[in-house]
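Q: Okay, here's what each chain looks like letter by letter:
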Amino acid sequence: MKNINKTFLIIAMFFGLAILLNFVMGGFSFDVASLFYAKPTRWQGLISPYYYAVLVILCVNVVLSVSLALLNGFTGLFTMGHAGFMAIGAYTSASIVTFMLPTAPFFIQMIVGSLCAGTIAALIGFLIGVSSLRLNGDYLGMVTLGFSEIIRIMLLNIDAVGGARGMTDIPQYSNLGSVLLLAVIVILVIKRIRDGRLGRAMLAIKENEMAANMMGINPLAIKVKAFVISSFIAGVAGSFFAHSEGYLSTQTFTFVKSFEVIAMNVIGGLGSLSGAILGAGILTVLPEALRKVQDITGIDLRMIIYALTMILIMILRPQGLMGNREWKWLSSK
Amino acid sequence: MNDFIQHTINGLALGSIYALVALGYTMVFGVLQLINFAHGEIFMMGAFSGLYFARYALPAGTQPSIGVTLMVVVAAMIGSAVLGVIIEKFAYRPLRKAPRINILITAIGVSLLLQYGGQLIFGASPQFFPTILPRQNIDLGGDIFLDTNQITIFLLSFVLMVILQYLVFKTQFGRSMRAISHSLETANVIGINVNKVIFITFIIGSALAGAAGVLYGVAYPKIDPLLGLLPGLKAFIAAVLGGIGNITGAVIGAVLLGLSETYVAGYISSTYRDALAFVILILVLLLRPGGILGSKKIEKV
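As they're listed, the protein sequences go chains A and B.
Under my numbering, the residue at position 191 of the first sequence is numbered 175, and the numbers go up by one with no gaps.
Convert by adding 61 to the 1-based position in the second sequence; the result is the number in my numbering.
Just so you know, these hints were derived from the structure itself, not from any lab.
Be a bit skeptical, because a hint or two may be false.
Stated by the list, open to error - Derived pair list, reagent style DSSO-like, types lysine-lysine, alpha-carbon separation capped at 30 Å:
hint: 1; chain 1: A; residue 1: 190; chain 2: B; residue 2: 158
hint: 2; chain 1: B; residue 1: 283; chain 2: B; residue 2: 158
hint: 3; chain 1: A; residue 1: 241; chain 2: B; residue 2: 158
hint: 4; chain 1: B; residue 1: 150; chain 2: B; residue 2: 257
Just chain B, with the same shape it has in the complex (with noise of 0.2 Å):
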């Protein structure tokens, strides 16, 4: 029972980070209807943008700390939504009428794009992200133990939540974006300006797969510029798992896939870890295409 309180308590934090990557999956997919296969090297570069912050812009000898913590998180999350935008504005933006299986194209050719530039700029050997914040571990009795570092996942991740929560549902620009993700000619029909909305939302996307990317780094130190490929597409199922192109979806999928990534490791085996996810993919697209939240679509003649 205690094994068990231990790996739900891992699982969430995992849960939340692909949380966090896996909403800019969906609130992408929901506009453009694309599956940005870039994302996960954005918040790839989100970790990187942290830790070359944390490296160099900070002044030597700082203390590990919430502030820290919090400072690097925004460089993250503005460095990421900077690249999110560029890639948008350059390989996107040019492709809007295209087929979609270019865009998607495109998407591939920019993750490779940035998954070796990233090797040319930061070396192919992985690096160690910086200890930004006290670690400690607080014993719940019974060999159960809750890390600062999860207490803190989890903290950012819900709060990050709750302002995209109330960006989507409570402000002009959220409306538009939901009116776009009904339909992009009736939204451009009745006035609302498709491009400057499929902007923000690709700043927003990307500044929360950059904090993600941070919070990661704090999770599991190790960082090199392939760190993206997995994780983005473990995001990326949760996100169909929730019912891609809904919000609530995405977050719910993610701390499933957590979850059940976490008990499989850990009451099974860690090598079937991986294929676990899609497993996940496999029986959700085959016994319920739209997810878990999603509405089922019916083709017209």
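With the rest of the complex left out, here is chain A (with noise of 0.2 Å):
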């Protein structure tokens, strides 16, 4: 009851910032809804189009990065092909929504578009899973990064859906609000998750699969339930991103995406979804951070500190910056 409590006071919380926001931005109209499904230009007067940028990417990261957490940190399964349900997410999104409801308002595209994204991506990840998830350790890695690959490489052989040109004017009606309160429901959501009877459940099977079977648990339903919605926050995810950016190309989901997402999860600590935030947030920030030094000294050092980075902290604290510890309002307790 407690947690409830405390979730609605967020989610309040949140709604109350928007709107005190939207007050002083918009000088005292009732036009809250602008804030999370208009053009970016609501926000554009507060923050620079750059730092605007960023923060769209951060929030798209930190829920990347949660949903894997479900998969990664608390189920125990190693999955390598998470950009893989982004994209199908994106694409689809952005297929329904220009092709099928390209004059209808902006909320009913971005539920229709969002809802559907995450249909597709969570049919997709059931029928992977299914074949798959009697792997376990690295081999269910490779396996899902092989889908993940094959899904951009077709496609990449669609031609509706522009191939390698990428897509072009994709409605951008998704803004800096929408994702952000994206994050935050997806945010609380996973720790409810973590925290009720499926996330015990998923828990017990990362410490002992056998034992949990044991205990009454059937693992392969768990798993198959954590893939599910896994990959249902990816395939959202991905629909927000497309129509923040209003471009979508393969090439920004290749395996080297899902590797980011995996060490956003792994710096801040497998097992922890402060950690997932916290790691997030360091790898969407730090190589932005780092263009300062590119103007320093003139040579682009900046993905190169960010891969020592990456090599330092898997070496100097192999637990992640968390570890197992969670901030207190992510608490169990």
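Put the complex together from the two separate chains, hints included.
A: Take a look at the structure:
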């Protein structure tokens, strides 16, 4: 009961803040909704377009990282194909909105687009999960990597969604408000799953699958559930990504993207929800913050420092920055 | 039919290059249970050390010949081996006792570091690999051609594989390596210097990748710092196809992959060429996770 109160409190606080912000920016108009689904102009008086873009990517990455934490951190399933689900979501939503609902109001486009994106991603996640979840460890990682690359190459060969040119002119209705709201909702949902019956079953499977089985948990069912939920969220994240960028290219969804999301989890600390958020924050902000370094040195050391940081964190702090701990508002007590 | 023979020759050449890279993957996996994602970048660095050796270390006006090719290959092998050893010592050794996913992330980090480091040092735009081998097409009759590059690739990779076979199955080092791949703890207990064997494994695996890099540069003479990404991944798939950890399997898997890629590109469409490798990966892992020559593992309580 206490948990529910806190959850609602956070959502209410978020809405309160958004409304306040809207008043400050919009000169006391009551059009709150425009913060969440209008074109980004509403936000751009407040922060520069560059910070705006970074913050949008940050929120999308937090959603991806947290949804992967459900698989990687809580259920102990090592998958390397998260970019594939994101790609499915992004392309599904972009095609549905562009080809079928081009004139519908923003609100309808967003709801239908993201729900379809999530559903299709979850469906494919279900199929992949059912066929590959009897594999364990690295092998599961390799199969999911393979599936994700096949998805990408198939998208690359569909001419209707732009093929190698990329998909352009996607309606840009998603903005910082809506991705932020999405991130908050996803974090809270995953937290509630983790603290509930399903989450405990997942943790049991991670610790010892056989023992969990003996206790009456059906490991395959739980794993498939984790897979479906995680790919649903990744699909929705892809949808929001597509509609805030307005442009999609299959190059975004290579296995490098999947590795990036895994790295977010591991750097923050596998098994820690706060860690997944922190890791997403660090790996998104670090390359951007390092642009300043490039101004000083004149050569692009940015990605090199980024890679070195990854290696050093793994060597110096193998359990990740958070380890098993959680921030107070995300802990299960 | 002539088409088929021509595709087969090209596929075998591609497969031989994959095989040299796949051997490094499979050997490292054998001793460390680690998918060394930086291996593709070691292959790339091999190609670049060959390029720079040929460009700067050889006296001006050197004519392409077999001797020059051998020198470039040896230089690239040394360059790659040094790089592989550095990576092992500074990135993987401190993590010997850490969970496997940490080593995997480190490998990805090393791979990124080498890609971007390569772009910084060599420049991001492709460079032309110098001609180090006199190129001649040999007409086998009926529109089938075999060029001297391909012959060199066949011969060189064959010789290297024979040497490797000798090292692994006939020497003390090879025996220690095979012991470690059975059980690292037991090998340690019976007095095998595990770190030294892993060290040598990295030297051999990286040297093979370096040789493959030069052969790749000879066959496809446009190289850039991101060159290692896809061939690296495909060599890894070849290793899985043959049964990861199994040396003969890696060669068989690589040749099969090279052949099927060339057939798909030749008879169906070259855009699906890259997808094929992943389809093979999934089919193998779902139907026969151990690979062609692999053994089944049984999980005990």
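Q: Against this structure, judge whether each hint is valid.
A: So, going through the hints one by one against the coordinates:
Only pairs whose Cα atoms come within 30 Å are accepted, and residue 190 of chain A paired with residue 158 of chain B is accepted, the gap being roughly 20 Å. Under the criterion of a C-alpha separation no larger than 30 Å, the hint pairing residue 283 of chain B with residue 158 of chain B is inconsistent with the structure, at around 40 Å. In summary, the hint linking residue 241 of chain A to residue 158 of chain B is supported, as the alpha carbons are separated by about 27 Å, within the 30 Å threshold. Between residue 150 of chain B and residue 257 of chain B the alpha-carbon distance is near 11 Å, which keeps this suggested pair within the 30 Å criterion.
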